[in-house]
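Using full-length UniProt numbering, you'd call the opening residue of the sequence shown number 1 and step up by one each time.
One or more of the hints may lead you astray.
Unchecked claim - Using C-beta positions, here's what the derived DEER-type ranges look like: (1) K138 with L34: 50 to 56 angstroms; (2) V67 with E43: 50 to 56 angstroms; (3) D135 with G104: 41 to 47 angstroms; (4) V78 with L118: 33 to 39 angstroms; (5) I134 with V45: 45 to 51 angstroms; (6) D60 with I37: 47 to 53 angstroms; (7) I27 with S66: 54 to 60 angstroms; (8) S125 with A98: 22 to 28 angstroms; (9) D40 with D15: 35 to 41 angstroms.
Unchecked claim - Calculated pairs, BS3-like style, for lysine-lysine (alpha carbon to alpha carbon, straight line, at most 27 angstroms): (10) K75 with K128; (11) K121 with K74; (12) K138 with K85; (13) K53 with K39; (14) K85 with K39.
Derived by calculation from the structure, the hints in this document are not laboratory data.
Cβ coordinates follow ideal geometry from the N, Cα and C atoms, glycine included.
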Amino acid sequence: MNSIESHELNVIPYDEEEEKYRNYQEIHKELASLKEIEKDVGELVGDQQEIIKEVEKNTDKAHKESVEAGNELKKAAVTQAKGWKWMIGGGMMTIGGALGVIGGPVGIGIGSALGGALGAKIGSSFEKRQKNAIDSIKFN
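Go ahead and model the full structure; you've got the sequences and the hints to work with.
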């Protein structure tokens, strides 16, 4: 026997090699496609992260502005409450003066003074009650 006959040659048919090569190319294409998908997902996540940061920033800004608006409303309510003593005082002074007409000019003066003082006291009481109610409102 000659040396060629004594060794078996492991020869893979050409068709099998070609099939392996095609499979390799297919796997390579799929990996490239997978890499592209991974890149796209990464970009989407990055874009969403920016959107989330923008939403958080807008939420913080809206919260701050709503607190400021609430505080401005409180100031306006306090200013409005201060008018109670003048409105009620003026009204009571007018009523006192009208009732004082019975006593003549001196009665008008005394009635107006007493009505004004009583009205201012009642108005101050309303003002204090409203201010306490306003102060109990907290904006965070």
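Sort out whether K85 lies within 27 angstroms of K138, counting only the CA atoms.
It holds: about 25 angstroms lies between the C-alpha atoms, which stays within 27 angstroms.
Just to be sure I understand the hint, the distance between the Cβ atoms of V67 and E43 should be within 50 to 56 angstroms; is that true here?
violated (37 angstroms)
Measuring from beta carbon to beta carbon, are S125 and A98 in 22 to 28 angstroms?
holds (23 angstroms)
Do the alpha carbons of K53 and K39 lie within 27 angstroms of each other, as the hint requires?
holds (21 angstroms)
Note whether the CB distance of I27 and S66 lies within 54 to 60 angstroms or breaks it.
holds (57 angstroms)
Starting from the hint 45 to 51 angstroms, judge whether the C-beta atoms of I134 and V45 obey it.
holds (47 angstroms)
Does the hinted range 41 to 47 angstroms hold for D135 and G104 at CB?
For D135 and G104 the Cβ distance comes to about 46 angstroms; the hint holds.
Between K75 and K128, does the CA-CA distance stay at or below 27 angstroms?
holds (14 angstroms)
Determine whether the Cβ-Cβ distance between V78 and L118 falls within the hinted range of 33 to 39 angstroms.
violated (24 angstroms)
Cβ-Cβ distance between D60 and I37: within 47 to 53 angstroms?
For I37 against D60, whose Cβ atoms are near 35 angstroms apart, the range 47 to 53 angstroms is violated.
A range of 35 to 41 angstroms was offered for this pair. Does it hold for the Cβ distance of D40 and D15?
holds (37 angstroms)
Satisfaction of hint between K39 and K85, Cα-Cα up to 27 angstroms
Outside the cut-off at roughly 71 angstroms; violated.
Checked against the numbered hints above, the structure breaks hints 2, 4, 6 and 14 and satisfies the rest.
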